[in-house]
Amino acid sequence: MKIRSKIFVTFSVGMTLFLLIGIGIVYDFSSENLETRIHDHLETSVRLQADHVETYLEGLEGRLIDFSSDGKVKDCILSIQGLIDPVCNHEELVDHLIQNKLPVAEGLKEVFILSQEGEVIASTVSYSTIGESFVGTKLFEEGLLGPSIGDIVIKEDEQEFSFLVSAPIHKLTGGDESIGIIVGRFDTNRLYEILTNRTGLHSTWESYLVNEELYMISPSRFLDDVVLNKRVDTKNSESCFMEEFQGIQHTNLDLVGFSDYRGIKVIGAHRFIPTTGWCLLVEVDSSDATGPLNQLYLLVLIIIFGMILSAMAISFSIGSMISQPIQKLSRAMKKVEEGDLSINIDLPLDDEIGVLAHSFMKMTESIQTARFDLDKKVVTQTSAISEQKQKLMDQQQAILNILEDVAEEKERAESLTLDLQKFKLAVENTSDLIIITDPQTRILHANPSLSAITGHNIKGTLGKRLQELWGDKVTQEKYDEMFMSLKDKKERVNDEITALRKDGTEFEMAVNMSPILNADGKVEFIVVITRDITKEKKIDTMKTEFISLASHQLRTPLSSMRWFCEMLLDGDAGELNEEQLEFVGNINDSNQRMITLVNALLNISRIESGRIIVDPEPTNLKELIEEVIKELKPKIETRHHQIILSIHEKLGEVNIDPKLVGEVYKNLLTNAIKYTPDHGEINVFVSLKDDVIISQVSDTGYGIPQEDLNNVFKKFFRSANIVEFDTDGTGLGLYLTKAIVESSGGDIYVESEVDKGTSFFFTLPKEGMKKKEGAVKLS
Amino acid sequence: MLMNENTSKVNIMVVEDEDLLLQAITTKMEKQGINTIPCTRGEQALDYLESMEKLPNAIWLDYYLKGSMNGLEFLQKLKAKDEWKDIPVIVVSNTASDEKVKNILALGANKYMLKAEHRLDELVDTIQNFIDTDIS
Chain G
1 MKIRSKIFVT FSVGMTLFLL IGIGIVYDFS SENLETRIHD HLETSVRLQA DHVETYLEGL
61 EGRLIDFSSD GKVKDCILSI QGLIDPVCNH EELVDHLIQN KLPVAEGLKE VFILSQEGEV
121 IASTVSYSTI GESFVGTKLF EEGLLGPSIG DIVIKEDEQE FSFLVSAPIH KLTGGDESIG
181 IIVGRFDTNR LYEILTNRTG LHSTWESYLV NEELYMISPS RFLDDVVLNK RVDTKNSESC
241 FMEEFQGIQH TNLDLVGFSD YRGIKVIGAH RFIPTTGWCL LVEVDSSDAT GPLNQLYLLV
301 LIIIFGMILS AMAISFSIGS MISQPIQKLS RAMKKVEEGD LSINIDLPLD DEIGVLAHSF
361 MKMTESIQTA RFDLDKKVVT QTSAISEQKQ KLMDQQQAIL NILEDVAEEK ERAESLTLDL
421 QKFKLAVENT SDLIIITDPQ TRILHANPSL SAITGHNIKG TLGKRLQELW GDKVTQEKYD
481 EMFMSLKDKK ERVNDEITAL RKDGTEFEMA VNMSPILNAD GKVEFIVVIT RDITKEKKID
541 TMKTEFISLA SHQLRTPLSS MRWFCEMLLD GDAGELNEEQ LEFVGNINDS NQRMITLVNA
601 LLNISRIESG RIIVDPEPTN LKELIEEVIK ELKPKIETRH HQIILSIHEK LGEVNIDPKL
661 VGEVYKNLLT NAIKYTPDHG EINVFVSLKD DVIISQVSDT GYGIPQEDLN NVFKKFFRSA
721 NIVEFDTDGT GLGLYLTKAI VESSGGDIYV ESEVDKGTSF FFTLPKEGMK KKEGAVKLS
Chain Y
780 MLMNENTSKV NIMVVEDEDL LLQAITTKME KQGINTIPCT RGEQALDYLE SMEKLPNAIW
840 LDYYLKGSMN GLEFLQKLKA KDEWKDIPVI VVSNTASDEK VKNILALGAN KYMLKAEHRL
900 DELVDTIQNF IDTDIS
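Protein chains in written order, with the numbering used here: chain G, 1 to 779; chain Y, 780 to 915.
If you are wondering where the hints come from, they were derived from the structure by calculation, not from laboratory data.
Using N, Cα and C, we set each Cβ at its ideal position, and we do this for glycine too.
Don't take each hint at face value.
Unchecked claim - Across the chosen pairs, the derived CB separations fall in these ranges:
| no. | chain 1 | residue 1 | chain 2 | residue 2 | range |
| --- | --- | --- | --- | --- | --- |
| 1 | Y | Asp904 | G | Ala550 | 26 to 36 Å |
| 2 | Y | Asp904 | G | Glu626 | 17 to 27 Å |
| 3 | Y | Asn882 | G | Gln553 | 14 to 24 Å |
| 4 | G | Asp432 | Y | Asp904 | 51 to 61 Å |
| 5 | Y | Gln855 | G | Glu491 | 16 to 26 Å |
| 6 | G | Leu425 | Y | Glu852 | 27 to 37 Å |
| 7 | Y | Leu884 | G | Glu481 | 20 to 30 Å |
| 8 | Y | Leu884 | G | Lys630 | 34 to 44 Å |
| 9 | Y | Leu884 | G | Leu597 | 24 to 34 Å |
| 10 | Y | Asp798 | G | Asn577 | 21 to 31 Å |
| 11 | G | Lys535 | Y | Gln855 | 22 to 32 Å |
| 12 | Y | Gln855 | G | Asp432 | 17 to 27 Å |
| 13 | Y | Glu852 | G | Gln642 | 43 to 53 Å |
| 14 | G | Glu623 | Y | Asp904 | 41 to 51 Å |
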């Protein structure tokens, strides 16, 4: 249940209970009080009214006594009775009564006089009543004794209630001897007037008289024809007469809430009127008496109701007042609970809830701040975590990779181990001497070939420097040069040196030294592979000798043939006829071919053996080419070719082997001359592009068929379209050319179109050719 | 007359162990009016030089020679003797290693030429050129 409802219910119920209890108490108290007060009031008023009635009645008696003391009357009575001398007759008496008595008393209807015997001796009403006896009546019996007042009676003919008041007529004033009774008949108007003289709030207030027979003798306020007709047998009347009879004082406080003659609850009071023996009853309806009270109750109830309503309203508003901020607060809290921290509780700061709300706002603010910080932290942390996670994943991946790598590595390691074993086996068993040194060339490892080649044992060699091992046949300069290349330039060293064996004998050694660099690029080890090339050198020499010999042996007869042919042709042995000239010429030509072939073969064998010497020197390329052209001039002129040379202007001297490069130009130009129809055009074009010298030799010749282009550089290849008319070629020229270009660090290629011409391009490095020590030159 | 002939003619010593070649060379030279002193061996050539009244104007020397002396050794001996060292020498051979060619030239040979590469008259002209320059 909501606070508002709780407050509302609690407050309303509490208020209602409180009010009900209060009202109950008030009611209880006030009704009793009221009734008592009413009762008191009734008592008072009954006493006053009774006094009033009695006064009135006594007044009436007094009037009658006055009447009785009237001398005229006495005289008349006495006269009439004959007791005295008739001084007055009947008529005079009646007149006297009518004239002197009737007017003086209010409500006096009739006056009549009874004789001692109880007979009417005079009446103001009519004479008919004269003689009427009242003997036996209370009036007569008591009337003689003193003044009395009789019951209310109704005179049948008059239909009017009246009562008789009598007083004895004494013979002497103040004497006891009665001569008759004077009776006055009074109407009830005045009496009733007294009874109906009611002042009070109560509309049901009623005063009435009851005679000894308990009949009402005054009119009822509520009912008609009650006088002498309605018997009032009520607690009020009974107790009135009872009290009178018993002589008890009025203690009629219990006369509350009894039923009156109508059967209606009333509150009552009474008073006995001794003069007449009547009871005056004053009553008021209980409902009427407590009416104001009821009204009060109603009022109170309305008030209560109103109060409850206001209490409810108040409690509601209090509840609201309390709960609204709380609700605001709670809504805010709910928002906060849902995660929205951007709340604004609009509450004044003048109460606790306001303060609470304010505090709450502050708290949320600080939470927000904290959360912001936290968020930031979380973001940071999250990113850190994700980074971490990423890292972990990476690491995981890395680990996986590593595992993979490890597996691979293991495989690799295994294969490496295997390789290493093989390698080691190879190293250990190779005839080459393999030495590993530190950067200072101190020997760390040597394979068993050491002792086979040098005679040193491995143990004794470890820790020694290479030069100690190799001996002083190599100059210190040479050592320095080699080790500088290794250590400073980090370049391999390939060389041949003469070393000493342990026993002091010399031997030729090919040395291959490679620096092994570590991750920093510094030399960590030097691997030295040496080979005893003494035998090779010997073989090489033998080979050279053989080639020399072979070429000599071949060339000698060829030279002989050539020269004799020449002499024959020159006519040194006499003039030859035409046919002889032709034949000798043929021999000479064949011989010439033979010579060319031998030269080519020798060159090829030299090039292929790799022993060709490359001996670069600063060379003016233009001059070189011009020299070649000059050499070829007879052939060019025979064929009527036009030769054009153009060379890049800025191309100065190039470090090349002029003999080799000249051979290239010569070969290409020779081909161009040979395979171009007469009156052709030959272009030699040398250009420079970047670091490369490009030479182009173009002709307007027969061209090379497309299918043969790939083969022109092959040994002994001759293109089909030239073999037909030129049987003189060896098929070795371009092969040799290509070999020279490539051994010079260049490239050669060809473009050609049949019957249009051919272009050969070859490149040479601008920085020139590298010097190469070898054994042979081209011839 | 002969004397005159001899004195007026150019004398060229040809040291060539190959008979046919020697014949060809001397024939060609004679045809051109050159007096030749053919030798097939180095020792023989040296003997001739010792005994000759008039030294040859030039020497045609083959590198490879039969016998105990090759062209190089002959050249050494020749150049070692003051009377002989100024005689122009053309080494004409069919083959020789570069090193040997280098040594020949270093010893003072005027030219090294490859036999098969040249016409005989070319060679003769070349050697005559050395004599001409020498005389002039």
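Going through the hints against the structure:
1. Asp904/Y / Ala550/G: 26 to 36 Å: 29 Å, holds
2. Asp904/Y / Glu626/G: 17 to 27 Å: 23 Å, holds
3. Asn882/Y / Gln553/G: 14 to 24 Å: 22 Å, holds
4. Asp432/G / Asp904/Y: 51 to 61 Å: 54 Å, holds
5. Gln855/Y / Glu491/G: 16 to 26 Å: 41 Å, violated
6. Leu425/G / Glu852/Y: 27 to 37 Å: 52 Å, violated
7. Leu884/Y / Glu481/G: 20 to 30 Å: 29 Å, holds
8. Leu884/Y / Lys630/G: 34 to 44 Å: For Leu884/Y and Lys630/G the Cβ distance comes to about 24 Å; the hint is violated.
9. Leu884/Y / Leu597/G: 24 to 34 Å: 28 Å, holds
10. Asp798/Y / Asn577/G: 21 to 31 Å: For Asp798/Y and Asn577/G the Cβ distance comes to about 29 Å; the hint holds.
11. Lys535/G / Gln855/Y: 22 to 32 Å: About 30 Å separates the Cβ atoms of Lys535/G and Gln855/Y, which means 22 to 32 Å holds.
12. Gln855/Y / Asp432/G: 17 to 27 Å: 41 Å, violated
13. Glu852/Y / Gln642/G: 43 to 53 Å: With a Cβ separation near 51 Å, Glu852/Y and Gln642/G satisfy 43 to 53 Å, so the hint holds.
14. Glu623/G / Asp904/Y: 41 to 51 Å: 24 Å, violated
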